[in-house]
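Asker: Add chain B to chain A, keeping to what the hints say.
As given, the protein sequences belong to chains A and B, one line each in that order. The first sequence maps to residues 1 to 368 in the working numbering. The second sequence maps to residues 1 to 305 in the working numbering.
These are calculated hints, taken from the structure and not from any lab test. Don't take each hint at face value.
[What the hints assert, rightly or not] Straight line, CA to CA, 30 Å or less: simulated BS3-like cross-link-like pairs of lysine-lysine:
1. B:LYS75 / B:LYS134
2. A:LYS9 / A:LYS362
3. A:LYS343 / A:LYS362
4. A:LYS9 / B:LYS118
5. A:LYS9 / B:LYS134
6. A:LYS364 / B:LYS171
7. A:LYS213 / B:LYS304
8. B:LYS17 / A:LYS364
[Said to hold, decoys possible] Partner residues are not named here, just some residues of chain A that face chain B (Cβ under 10 Å, in silico):
9. LYS9
10. SER69
11. GLU205
12. VAL209
13. SER210
Yeah, the Cβ is synthetic: ideal placement off N, Cα and C, and Gly gets one too.
The chain contents come next:
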Amino acid sequence: MQLFRSFVKKEFYHIFRDVRTLLILFGLPIALILIFGYVVTSEIKNAKIAILDHSKDKITTEITNKILSSGYFILSENLKSAKQIEEVFRQGEVREVIIFEPEFSKNLSKTGQANVQIITDASDANTANLILNYTRAIIQDYSMSLNKIPAQSIKIIPQTRMLYNEELKGVYMFVPGTMALILLLVSAMMTSISIAREKEMGTMEVMLVSPLKPLQIILGKVTPYFVLSFINAVTILLLGVFVFGMPVKGSLILLLGESMLFILLSLSLGILISTVSPNQQVAMFISMMALMLPTILLSGFIFPIENMPPLLQWISHIMPARWFITVLKNVMLKGTGLLFVWKESLIMIGMTVIFISMSVRKFKVRLE
Amino acid sequence: MNELSVIINEVSRHYNKVIALDKISVSIKKGEIFGFIGPDGAGKTSLFRILTTLLFPHTGYITIEGLDVVKDFKKIRNIIGYMPGSFSLYQDLSVEENLNFFASIFNTTPEQNYHLIKDIYQQIEPFKNRPAGKLSGGMKQKLALSCALIHKPEVLFLDEPTTGVDAVSRKEFWEMLKNLQNFGISIIVSTPYMDEASLCDRVALMEDGRIMEIESPQNIQAKYPYLIAAIRSNNMYDIISDLQEIPKATSAFRFGDNIHLSYKKGELHKDEIVNFLENKGHKNISFDMVEADIEDCFMELMNKN
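Just chain B, with the same shape it has in the complex:
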């Protein structure tokens, strides 16, 4: 697990004057599931296109399995699998025809590496004669993943594979990735969903073309310096602005059904906060202490910068 698969060193990329990537350096180990986590516009897709030899880096260099993305792009294209952010299969070809075609452009056949895609492909096989354009979002992703895997790549790049996919399919998709790890494939994935970060071995949190943190999800959560309270009341509309008025709180933002209020240990107490809210006219206040989530960490890192 200690050998490196991908080395990204000081890579920058700009479009005219807009900086998409700003001196990014990451090393990714072989067989690891590595996630680039960040909101839209953080530079994830640009980075993936440079990684997959589709764009030039303006500064810095990248090697994939020891091959340079600029010089050795032809060799790299033999050993990587790429699933772009938008659905990029032929909508008018059937599931089976798509798979056969993508196998053929890598000089292979679906049978040769069937063991790799078996678990995934079996789920969509009942629909193998259906045009790809008529599949559901989740099935499209499975087909796209099958096509990206068909030539047994050493490194797999998945750009926002779960965007626009329902929660159940997302969960299944991540289980498949975990299974693929057993074949020794390095999987590099990007996602705007913070909850998926905890499913990666390591993640890089990205914002505005910069990497804020590279860590395992567990360590990122462990490093979180504050306490978090999940708070609800009958007036969820005003509660954020009310909570933000508490001077000792470091941040307050919506998190699902709750408001996450973070503060330094010892500086605030439950009673203090509840009283404060009651004075502001809130009723039915619920107050629970929770563990820091990746999203909390992301917000904290963003505030810090």
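With the rest of the complex left out, here is chain A:
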């Protein structure tokens, strides 16, 4: 116990005396979550549009007002001729041009039909699609309000609700994702680097030539990172809840318990990486390449797993973060209990056991 205490104390000295380590431990998580929260967002807010109104009558003005007052769009300029369309897109500011045909309201009252042309800048396909859908919805909404007295034709009007995330907020997606990414990064990368550093500095050599058992070395190295990662998890949750308005509908204890499980899983992965890396560079490289990139790409953090080719879907099963993200979303957004996430939890426990037993087996009591 005395030994364990002094080992942990020494490890904390290392962490708190190295500015870079501190920065990665505490600066990175906060920076990442703020960046993902404010910068990388898939919501449409204040997209610049241009309008080419050939008729300038009551109805087109009303539609224009409705579009501009929605909060999604701001008017960049009113165009005078079709020639300008190409030009405004080239300038790059404007994402969408809306064109009303001449005699718009006249056509509408005569034939019951009038044409609006919507042109979007699809060099960013996703945004173009979103903008298009938003605009279409607003115009449809307006056209429906015109048909107060229903015509003879039967209409089916779907009433849609986006359950669990009614406002389609991106935060709900990225808080769980970022949390998984940060915990994996901090726990796995930092432990693997710190063990690799002992090898590089030659202190591992001295420790091996002592009565220390491999398990004692591993536990001593890992405990401080467990504590700090847990603090990180709580910080991210607090940021998510209080800065981004993320709900926690399920049990908080379950949420924290699952976070600890995932931290443990990441730590065991870090130890495994350290047993195969001879120095800090290799440990860092493996953590980055083998953990961070696949986690971002394949865990369902950014790209939905359902849309992936079957092979990648299959690979995503071995991404620890995938299971954690599912659990987080279920517990935080849907408020489900352990009954619904036991499968994911079991998978994470299984992975932890496998990684720990592999690393204890691979841990070398000698230099070869």
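Answerer: For chain B alone, kept in the frame of chain A given last:
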């Protein structure tokens, strides 16, 4: 003094095809300061890593205090102290923190064996709050030695402890080792510096993974078969190649400020050599007969092989 502490028997070790150690056999007595002397690449560090249970021997066996380095490595790790060649303490921890940590991994405290390290630690105690990375080379060695001694080992392994340390600190370091001998600790040390050989009780001269000679330094010097002249002149640049032209001389090599010329007794005389050099255009020639040094012996053994 006759009991054996370490027995090395026919130990070989290779890395892929490079042979690092070639059938080495040495017996080291209890309480002895034993030196492995040899240039870089002679296999000293490999041997120390096998001795400290960090590497396997590929053939042969080693026992330390009767324990086998392969089978009983856990027990051995309780009774040995090891100071690796490179500075292997935590640079970001202070002197005191390093000492406390290394004491704790051996389940002891600095107080328990303070008498062992007192003389050494007192010299660095004024700097006990300084990070180990900011100590001078000599102080680092003292701290590393303190940490290696903190659990009162029976056998102490020091791999090139004085490499990169200034002459004064080196001298002090060896005095400390002599003091430690009084506690009955067997001290096994490696060094590339020939002048340190004479401070050991016995030395093994190593070259290319082989041991050329195991003897006390005095005996090695006494066994030296030639006479040695230390020669200087105004043209130290050409003097080696000129001296090597003397057919009866066995060897000529630079030794500090001088050239050491060795030859069989009776085959050459001072006048002969001085005349020879004068004919080659050397001036201000100084010529002294000197006793053979360990380095001379090492060179002679190397030439023989």
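Asker: It remains to establish, for every hint, whether it holds in the given structure.
Answerer: These are the hints, each one checked on the structure:
1. At most 30 Å may separate the alpha-carbon atoms for a hinted pair to count; LYS75 of chain B and LYS134 of chain B exceed this at roughly 35 Å.
2. Under the criterion of a C-alpha separation no larger than 30 Å, the hint pairing LYS9 of chain A with LYS362 of chain A is consistent with the structure, at around 26 Å.
3. Only pairs whose Cα atoms come within 30 Å are accepted, and LYS343 of chain A paired with LYS362 of chain A is accepted, the gap being roughly 29 Å.
4. Straight-line distance between C-alpha atoms of LYS9 of chain A and LYS118 of chain B comes to about 25 Å, which keeps the hinted pair within the 30 Å bound.
5. Pair hint LYS9 of chain A plus LYS134 of chain B holds up; C-alpha atoms about 21 Å apart against a cutoff of 30 Å.
6. In summary, the hint linking LYS364 of chain A to LYS171 of chain B is not supported, as the alpha carbons are separated by about 37 Å, beyond the 30 Å threshold.
7. In summary, the hint linking LYS213 of chain A to LYS304 of chain B is not supported, as the alpha carbons are separated by about 47 Å, beyond the 30 Å threshold.
8. Of the supplied pair hints, the one linking LYS17 of chain B and LYS364 of chain A holds, its CA atoms being roughly 23 Å apart against a limit of 30 Å.
9. Among the interface hints, the one on LYS9 of chain A holds; its C-beta lies about 8 Å from the nearest C-beta in chain B, closer than the 10 Å criterion.
10. Contact between SER69 of chain A and chain B, as hinted, is not supported at the beta carbon level, the nearest pair being about 60 Å apart and thus beyond 10 Å.
11. Interface restraint check for GLU205 of chain A: the shortest CB-CB distance to chain B comes to about 5 Å, inside 10 Å, so the restraint holds.
12. The interface hint given for VAL209 of chain A holds, since its Cβ lies 4 Å from the closest Cβ of chain B, which is under the 10 Å cut-off.
13. Hint status for SER210 of chain A relative to chain B: holds, with the closest Cβ pair at about 5 Å, below 10 Å.
When the structure is compared with the earlier hints, violations turn up for hints 1, 6, 7, 10 and for no others.
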